[in-house]
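Since each chain sits alone in its own frame, please combine them into the complex, following the hints.
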Amino acid sequence: MVESKNFGNRLSRFLINSIMIALGLLCLLPFLNVLAFSLSSPAAAEANRVGFWPVEFSLDAYRYIMGEPKFSQAFWVSSQRVLIGVTLSVFLTLLTAYPLSKESIHFRPRTFYVWFFVVTMLFGGGLVPMYMIIRSYGLLDSIWALVLPTAVQVFYITLMLNFFRGLPKELEESAFVDGAGHWVILFRIFLPLSMPGLATIGLFTLVSQWNSWFDGLLYMNKPFHYPLQTYLQTIVTNPDMSRVSDVREVLNISTRTVKTAQIFVAMLPILIVYPFLQRFFVKGIVLGSVKG
Amino acid sequence: MKRSTALFKRNLPLHLMLVPGMIFTILFAYVPMTGIVLAFQSFVPGQGLFGSDWVGFDNFSYLFNLPGIYQVIYNTVFIAVMKIIAGLIVPITAALLLNEMRIRFLKRTVQTLIYLPHFLSWVILGGILIDVLSIDGGIVNRFIEWLGFKSVFFLGSNQWFPFTLVATDVWKDFGFSTIIYMAAITAIDPTTYEAAHIDGAGRWRQTLRITLPGLAPTIVLLSVLSLGSILNAGFEQVFILYSPSVYSSGDIIDTMLYRLAFMDAQYSVATAVGLFKSFIGLFLISTSYWLAYRFANYRIF
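Protein sequences, first through last, are from chains A and B. Under the numbering used here, the first residue of the first sequence is numbered 1, with each subsequent residue one higher. Under the numbering used here, the first residue of the second sequence is numbered 1, with each subsequent residue one higher.
A couple of the hints might just be wrong.
Just so you have them, the derived chain A footprint on chain B, three or more residues with Cβ under 8 Å [unchecked claim]:
1) 23–29
2) 66–75
3) 163–170
4) 213–219
Restricting the straight-line Cα-Cα distance to at most 27 Å, the calculated cross-link-like pairs of lysine-lysine (DSS-like) are [said to hold, decoys possible]:
5) A/Lys70 - A/Lys222
6) A/Lys169 - A/Lys222
7) B/Lys9 - A/Lys169
8) A/Lys102 - B/Lys150
Hints were generated in silico from the structure; no laboratory data involved. From the three backbone atoms N, C-alpha and C, an ideal C-beta is built for every residue, glycine too.
Just chain B, with the same shape it has in the complex (with noise of 0.2 Å):
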């Protein structure tokens, strides 16, 4: 009994410093998701969280019933899946490659260059973006002009704007991503390469013998953790560049979500989606990370 006694005396301070970050926590966290009530009404926005009428399950099949509600959802995972696989192979390739540079200087100035699209928002690559893809005059179709193709519209055709998604989101991130992949490669115990190069192994058959198996852990891992955002397939830059030519290719849960919400002050079925959505992402996430866990002896904390 004393003895607990002292162990909490020790131990409040601990409890104390929680405090803060538990307020934040709960009125910018647990509050709004009681708002969730807001899916199983019918909200009249003068009326409050909860003074609305209750309506079950109308929205979701309302929802449900929306034209072109499921090419949205496979625009979504389409995108998203493209993005993962992209996003997996390009950055283990730049870092197997960067890892065979020698030229420290160059390696370190290549280095600098492919991380910085990372650290600037989707509002600044976009700009750039439309401005250099755009059709009369970007610097890329005056390139392809010149070279005699024809040019192409990147961000207003159905058949090129999930591949634009796609590869402009790697050109963001795939610097970025070497960093964890090019960490896993110094962790590699050089005398196994040395040992290669004794038995014969060349550049290339070190490569596939000793990083590539080196690198599994940590790609495997990195699979897994992406499986958690299959539904989301990068909303701001979908916002920025789409537009509503490409809707049929390019618009997403998210991006449907917002309009529901606040062009056409729909914000139950607005919600609903928010809903069916986190649904599925607590679902797919609590699997990657148990997966995670389990194979990997990954933590979160």
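Bound-form chain A, shown alone (with noise of 0.2 Å):
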């Protein structure tokens, strides 16, 4: 935009920094508050002594839920989903869009595929069958039914599919010249071209197996099967966290010292990855959303 410089610009453009920066502060505080508590001594958290800086700097609440057997288990539990869950739908989304980028001319039954892939986004069985379903294929309490039923998402499939359609047709067609059929083409050119587009939904899948804790409450009987978030949620959403009472007096611990400094924890592999979320994110949003 072009503008003038007098003073009538240069006012608004202080009242738009000011708007933005206390917006940015509105995102920032919150959390910045919860640190501070988690890092502060049980008498300032509980006296309510803590702003947006630790009083009384302590550690012990993090020393605490490293101590803590069902935090570590939980933990280990969706580190696993991650683990498997990304892999499964990077490959299975590389896999299934690719036909699906193909144009109908080329490749005719392919109205039919995205219709079959389109009606899960329009209908669907509800929380209730979609239970019983899970229970019947015996997957309770299994690390797989975090990880199977959302594997295939159409999401990703578009994204990737619109990602196949930026690159260049002549690849493909002087790879079919040379004799190469769709497995070379997709495994050997597409799939070492498509490293952007992987890694968008490798931190998609990441972000969402990572932040997932209904379905871990749904079907999981045993909390010692929880992921880390909802284990997290029984205690958020729990006001009396007897447990730790037990061991307060060892300890120097509270409640609330305790519950941010989990929060924190749970946090923190996305406040890790968030550097490459910023980067991938913004293309991928744009690629699956505007264009079509």
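Structural data, given as structure tokens:
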């Protein structure tokens, strides 16, 4: 945008910057507050003396959750689901998106296949039938109940499909002339060129696998099998965390410092991949939603 | 004949590649659809999916005679519509303001901060919100008291709860939603702005006459697509944040369904609720896609 440099423009620029900084702070301060609580002494936390900086700095809450077997077990379940879920989703998306990226002239049944997948976006059985089916497959209390149902996502397929369509057509044509089939084209030519697309889908699945909690609550009967977010959900929505009180005498912790520390540790993996998320999601969301 | 066999041979791998994805879709999307028969049965867990007695539409008539069902439907639509409206206005405004920021470092930093809540689960955000909005010692209420006002029971009063839901939902996603609008703004031809400047248009006028019209197609498309979520008031968020004291303003179809199924073990009634919602959803989503296709030339594939 082009503008002149008079007083009015400077004032409005100042106002705009202030508003946006305020919005940025609105998204930052709640996290800082929680982090500050987790690093404060229980006395300061219970007396509400904590703002955005730790008061009477203490790592005891973190020491406590590291020694808590339920927490580390849940962390392990979550890591497993991320690992399996990402591998499975990326592979299936790659395989499904390639044929669907072909034009209908070259691949007649494409329309049928497309509808086959689109129908699942329009209509679903609902919560109870899904639960009953998972139970009848014998998947309750198994890690597979967390990764298999969400392995094929139409949204990811659309994204990958648009990515394939962005690759130059000549690549495929010349490969055909040289006698290559579709398998060779997909794995030898398209795959190496599709790393940014695959990274986007990998990150999408990573975030959604790590963040999912409701499936854990639904399909896992034993809390021992809960992924981290489900475990956290039972703590967050349960005001009486009596378990902490037994050891409170030994370690210098409080319900509030432990809870905030757990929230922060559960956030950590997302914060670590956040720089990548920002880069790939911005591209992914634009590719997947605006074009079509 | 020969040509078509050759074509089939060449395309055979394409069919084979689709097999795994289709097996997954059948197992975890199509087979569960058969489960809707539950809605027409009086389901007893021991007797399996097709073994229970058929009761026709009894579950539906039971459902619509449940006390409070209309309040629940009203809550759902009210919360969802408020979220849709706020979820359009706030990101568009934020994108327009972001676009005006000239200090690159500052703009980047703000963007990094406002995208963040989108990537965190409602469990984490809920945990944080329950803490910061708490009536005794939450930082927000400490601030409100410091300003000299009475503290607000954001999550516990029926007067505030729906608005807390809308506000926190916008807080989670507005930053991320600016991405699409920012992408649309960058697509606007910069020479239009230069021409407008020469003609004497100021910054405000440029925003109003160039940027906003440039955004119009995106805005129309996203509003049309959001039509499909009129019955989705956000299950995960409500489930984490609500409590029995705010059922009358915050209970939505999905949370009622969950309690019916997994607390009262009324599986058939819960399936009926789900089926009712799915059917309206099917109608709404199809309409929104059709409208988007018709007026914005949008296609899913």
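For each hint, the structure was consulted:
no.	hint	in the structure
1	23–29	holds (count 5)
2	66–75	violated (count 0)
3	163–170	violated (count 0)
4	213–219	violated (count 1)
5	A/Lys70 - A/Lys222	12 Å, holds
6	A/Lys169 - A/Lys222	52 Å, violated
7	B/Lys9 - A/Lys169	21 Å, holds
8	A/Lys102 - B/Lys150	62 Å, violated
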